[in-house]
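Protein chains: 2
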Amino acid sequence: MQALNLRAASTRLSAARPAPAVAVPTALPAVGRRARVTAQASVEAVDFNTKVFKKDLVKFAEREEYVVKGGRDKYALLPKAFEGIKQVGVIGWGSQAPAQAQNMRESFADAGLDIKVSIGLRGDSPSVAEAQACGFSKADGTLGEVFDIISSSDLVVLLISDAAQAKLYPRVLAAMKPGATLGLSHGFLLGVMQSDRVDFRKDINVVLVAPKGMGPSVRRLYEQGKTVNGAGINCSFAVHQVVRTLNNGKQHYCGVFHPDADKQNVLMTGCQDKKIYQWDLETGDCLQGMSDEDAFKRSVESITGPISRTISTKGMPAVYNGLDAAGKKVFEEAYTASFKPAMDICMEIYEDVASGNEIRSVVLAGSRFDRFPMGKIDQTYMWKVGQAVRAKRVEADIPVDPFTAGVYVATMMATVEVLREKGHPYSEICNESIIEAVDSLNPYMHARGVAFMVDNCSYTARLGSRKWAPRFDYILEQQAFVAIDNKEPGDKELFGKFLSDPVHGALAACSEMRPAVDIFVGGEGSDVGVGAGGARTEYRSTAAKVTAA
Amino acid sequence: MQALNLRAASTRLSAARPAPAVAVPTALPAVGRRARVTAQASVEAVDFNTKVFKKDLVKFAEREEYVVKGGRDKYALLPKAFEGIKQVGVIGWGSQAPAQAQNMRESFADAGLDIKVSIGLRGDSPSVAEAQACGFSKADGTLGEVFDIISSSDLVVLLISDAAQAKLYPRVLAAMKPGATLGLSHGFLLGVMQSDRVDFRKDINVVLVAPKGMGPSVRRLYEQGKTVNGAGINCSFAVHQVVRTLNNGKQHYCGVFHPDADKQNVLMTGCQDKKIYQWDLETGDCLQGMSDEDAFKRSVESITGPISRTISTKGMPAVYNGLDAAGKKVFEEAYTASFKPAMDICMEIYEDVASGNEIRSVVLAGSRFDRFPMGKIDQTYMWKVGQAVRAKRVEADIPVDPFTAGVYVATMMATVEVLREKGHPYSEICNESIIEAVDSLNPYMHARGVAFMVDNCSYTARLGSRKWAPRFDYILEQQAFVAIDNKEPGDKELFGKFLSDPVHGALAACSEMRPAVDIFVGGEGSDVGVGAGGARTEYRSTAAKVTAA
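In the order they appear, the protein sequences are chains A and B. Position 38 (the first sequence) corresponds to 38 in the working numbering; numbering is contiguous. Position 179 (the second sequence) corresponds to 728 in the working numbering; numbering is contiguous.
Next comes chain A alone, as it looks inside the complex (with noise of 0.2 angstroms):
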C-alpha cells in the first residue's frame, strides 16, 4: 500500500475547509507518492488536520506521526481535493515536468475531472518538440508562452530550474492570478526570497509538493501504478502561505512551515548526491590485482544491487548479518572507520545548505551556464566499464562486497545522525536518508547506470553531486581507508550503536507502507522509464525521437 504521509504543525488549517491552496497536496494520488508536510512539530505526535483524506498513527522509533496512504483508491477524492482548479499550468520541461504534467492529465482523466494541463514553455525551446510529442499542443492550448500559461492557470507548478526561478520570480509572481495557487517541489525558490529579503504575494496561496526522486522515477512509478494500485513515489510536501478567502478581512495567513521545509528540501540535494555517488569512493583507486569489471562488480553493483535491496526490504542491520564471519569483520572495520569522515562531509552540506550559501552557488553557477554548460559524466573510463559489466549481468551472481557496504552503509547512517542531530523527525530521516536512495535513485541506477541517472537529473540536483561527490571521495580515500590500511583499532561502542539504533525500527515502519511494485526500468536502450524532459543533455524519448525526424 501506498503511503501518504501527511505531517503538519497543530490546528492552524482545521479552522476552515481547505481553501484552493490545499489542493496540491491532496492532489497527491494524483500523481502517485506517498507524502509528508515538512513542519516543525508544536504538538507530541506530528499532526496534522485534512478534511479530505483518512490519515493514519505511525509509530517511527520513538515517536509518532501522522501518515496519509493512499494510491487509484483515492481518486474518488479528487474533485474536492482539486475544487476550483480549472487548469494547472507546468511550467518548464526539465526532470520534473513531464513527469507531473503528464500523471496529473491521466489522473484527472481517469477521475473523470474537466481540469486542462498546460505546459508553459519559451517559444523558442528545443522543448516544445518534445511536449508535443507527449500530447500537449498549441492548438488546444495545453501548450504556450511562459508568462500566457502562468497568468490564466488557478494551479502553476513551477518546475524550470533552480537557477531560473531564482532570476525570474519577480516576473513569475507577478504574472499569476490573485487567488491563484502557486506549486513548488522544491525549497530553494524560499531560500531565494528570503536571501533576498522579499516575501510572496499575500494574495496567492504557496505550497511544495517535493518528490523523492528525479521525474523519470516519478513518471515510471506511477506508470506501474495503473496496473498495480499504490504504485507511486513518496514525497514531502509544505504549505507556506494560503489565502483564506480573497474578500474577507484576514486575507492570508502564513505557513507555520516554511522555516523546516526550506532546510529539509535543499539538505535534500546534497543527501541524495551523495548517495548517487557513493560507490565512486571505492572504484576511485584501481583495487589491487583485481580487474576493472570485478572491481566495478565489488563496488557500484554491489551498491545499487544486493545492497539496496537488502536495506529496501530487510534494513541496514541486515546487510551485515547476512556476511559471514570474516565478512562481518571487514563490514565492521569499514563502518568503523568510515563513519566520521563521512559525518565531516554531511555536517559541511548541511550548514552550507542552511546558511543559504548552496542556494547562492546555484544561482551563481546558472549563470554561467551560456558559457560553461552542465557538464556530463557519462563519458568516464569507469562508467564505460558499467556498462560491459550490465551487459553481461547475471542478477544473482552480484557480489555483497562487506567492504563496500560497510563504507555505503556507515555514509548512510552518517546522514541519518546529521538530520537525527538537526531535529528532523524519522519519517523524514528514513525518506530523504534511505528510502530515497534505495527505492528509487538506487534501482534506477542498477537498470541504466550511475551517470545516466546523474545526468537526467536537475541542475540543482547535478550541481550537488558534483560538488559533493569528489569531497567523500577524498575524504574517505584520506582518513578512512588510511585508518584500515594502519589497522587502527575499530571503535566497539560506535559500532554497537549502529546495531542498535532506532532509526532501524522507524525504517522497518515505513517499509510497511511501501509501494506494492519496485520501481522497473528498461535496460540499455530501452525507452521504458526514460521519460521525458529538457534537463537532460542528450537522451530523449522515443517520442521525441520521432517528432524530430
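Hints are computed from structural coordinates only; laboratory data are not their basis. Keep in mind that this is a model prediction, so the values were computed, not measured. It is possible that some hints are incorrect.
[Unchecked claim] In silico DSS-like links for lysine-lysine, alpha-carbon gap of 25 angstroms or less:
hint, chain 1, residue 1, chain 2, residue 2
1, A, K422, B, K716
2, A, K384, B, K1041
3, A, K116, A, K177
4, A, K384, B, K889
5, B, K925, A, K340
6, A, K376, B, K726
7, A, K167, B, K971
8, A, K177, A, K202
9, A, K177, A, K138
10, A, K487, B, K925
11, A, K340, A, K497
12, A, K226, A, K55
13, B, K933, A, K487
14, B, K1036, B, K889
15, A, K86, A, K167
16, B, K889, A, K376
17, A, K492, B, K925
18, A, K116, A, K226
19, B, K1041, A, K376
20, B, K925, B, K716
21, A, K328, A, K487
22, A, K328, A, K340
23, B, K878, A, K340
24, B, K600, B, K629
25, A, K497, A, K59
Go by the hints and put chain B onto chain A.
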C-alpha cells in the same frame, strides 16, 4: 633584487605624511617581501604615493604599474617607516605568526630600532612552549595573554585563524588602543564584517600585508636574505582606513582599496590551492602499465621540479618549446582539452569567494573543528609513494612529462584568464597565479612533499584545498581526459592564444625583479625551512621538541 611592488589608487594617500598606519606597508623590507597594494586604479598607470620608499615604474604587458623593490639595503628607512610604534603585538602562533614575528624582531634589531615584538596567546595554548623555544618570554613581556598584548600594542598583527577572527573580532577591536594600527594578512576579516554589516572602529588604522606563501616560506626566505640581499617573499598590501591624526576634525579617511583587497585575498586561497593540488589530477588514476613511482615522477615530481623551474625562470611557453615534436603534440592536446574545464572551476571559485560564500563556509567549518578536527592528508598511499621517490631522487633525471605539463599550464592559464576578466592588473595576476606557485609553494613541496606543505598551511588554505582540489580532479577526469581519449580535435585558436598571451611578457617583467635566491628547504627529517607554528597538526621545530622533552 627583491621587488616591492606597491600599487595604490591615485592621490588619496598623498596629502599628508604617512600616518602610523603606513608603518606596516613601509615596513615590508623588515619581513622580507615584495609587496603591492591591491586597488582599482583610477589613473592610467597603477600608482600610489610614498614618502619613505622609492617607487619604480614597470611595464607589465600593456599596462604600467609602480612597484617598490627592496631588501636589507632598505633597513635605513625602517625608523621612519615605524615611527611611533613602540610595541608590535603578533597575535596567534599558526602558519604566519611565528614567521612574521621572528622576522620583524630580527629586522628591528639589525636596524637598531627599540621596538618590542610580543606574542599574544591564550594562557592554555599548546603553542606557548614553542613560542618560548623561539625566544619569546613572559619575563620580558614578549609573551602574554591575547588581550593584554592587544591592549598594550601600537601595531596589532592579527594572525589567529580566520575562523577565530570571525568569532573574536568584536573583542579584539574593543581591546585596541585608540590610534593603534590593526595589521591583517588576509582580506577575510573584512569580508566577515561586511557580511555582518559592521565597520571597523574609526579611531584605529587598518592595513593588510599578505605574503604570497605560507609562514614557513616567509621565514625561510627571510633567513636566506640574511646572506643574500633581496631574498624574500612577494606580497600584497592594502590600506583600509587610516586615522590621519587623532585630534583634528577629519578623523579618518576610508581606504580606496578595500573591496578589491578583499576579493583578491580570498581569491588567493582558491587559486593557490588549485596549484598545490594540481598533480592530484594525474595520479588519481593508475596510469596503465606504469609503476606507482614512475607515475609519481611523471606527475608530481615533474611539476614541482623541472616544470616549475622553467616557468619561474623562462615562462610558460618555454615549457612547451623545450619539448620534442611528439611531446609538443601531447602538450597541445592536454592543454586544449583542459583549459575550459579548469576555467569552469576557477570561475566558480572566484565567484564563490566574491559572493561571500567561501567566508561563510570557513566560519562554519571553524565552528565544527572541536568535533571534526582538520584532517591531515599525509598518510595516503600516493604521498607515501612520493616519500619513497624523493628518497631516491636524482634531480637531473626527473622527466618533463608533456601531458602533465599541458594540463598544469592550462590550469595556470585558466586562473590567469579569470583574474584578467575580473579586472585584476598583471602584477597581481602574475603574483597570484604563477609566482606564488613556482617560486614558493612548489619548491617547498618539492623538498618536503605535497602533504607536508599542505598540512603546514593555514586552516583557511587547508579548507580551500580540501574543497577545490577534488573538484579539479573530477572535472578534468570527466571532461578533459574524456576529450583526449576520444581524440576530439583540439582548438588551434585556443592554443595559438596561449602562445601569444600578453601574460608571458608581464611575467618576464616580474621575473626581472625576482629574488636573488631560490627558496631552499631541507629534505625529509631536516628542520631547515620547517619553521614553527601551531597550525600544523604534528610537525614541530627542533626547538619546540627540545623544550617539550
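Checked hints:
1. K422/A - K716/B: holds (22 angstroms)
2. K384/A - K1041/B: Distance ~29 angstroms between K384/A and K1041/B Cα, so the pair is violated.
3. K116/A - K177/A: Since the Cα atoms of K116/A and K177/A sit roughly 16 angstroms apart, the hinted pair holds (cutoff 25 angstroms).
4. K384/A - K889/B: holds (23 angstroms)
5. K925/B - K340/A: holds (14 angstroms)
6. K376/A - K726/B: violated (57 angstroms)
7. K167/A - K971/B: It holds: about 22 angstroms lies between the C-alpha atoms, which stays within 25 angstroms.
8. K177/A - K202/A: holds (12 angstroms)
9. K177/A - K138/A: Given that 25 angstroms is the threshold and the Cα spacing comes to 21 angstroms, the pair holds.
10. K487/A - K925/B: Within the cut-off at roughly 17 angstroms; holds.
11. K340/A - K497/A: This hinted pair holds, its Cα atoms lying about 13 angstroms apart.
12. K226/A - K55/A: Holds. K226/A to K55/A sits at ~23 angstroms (cutoff 25 angstroms).
13. K933/B - K487/A: holds (16 angstroms)
14. K1036/B - K889/B: holds (16 angstroms)
15. K86/A - K167/A: Distance ~28 angstroms between K86/A and K167/A Cα, so the pair is violated.
16. K889/B - K376/A: holds (14 angstroms)
17. K492/A - K925/B: This hinted pair holds, its Cα atoms lying about 24 angstroms apart.
18. K116/A - K226/A: holds (20 angstroms)
19. K1041/B - K376/A: holds (24 angstroms)
20. K925/B - K716/B: Measuring from Cα to Cα gives roughly 24 angstroms; hence the hint holds.
21. K328/A - K487/A: At roughly 16 angstroms apart (the allowed maximum being 25 angstroms), K487/A and K328/A satisfy the hint.
22. K328/A - K340/A: holds (19 angstroms)
23. K878/B - K340/A: Judged against 25 angstroms, a Cα distance of about 46 angstroms means the pair is violated.
24. K600/B - K629/B: The hint holds at about 10 angstroms.
25. K497/A - K59/A: Distance of about 21 angstroms is within 25 angstroms: holds.
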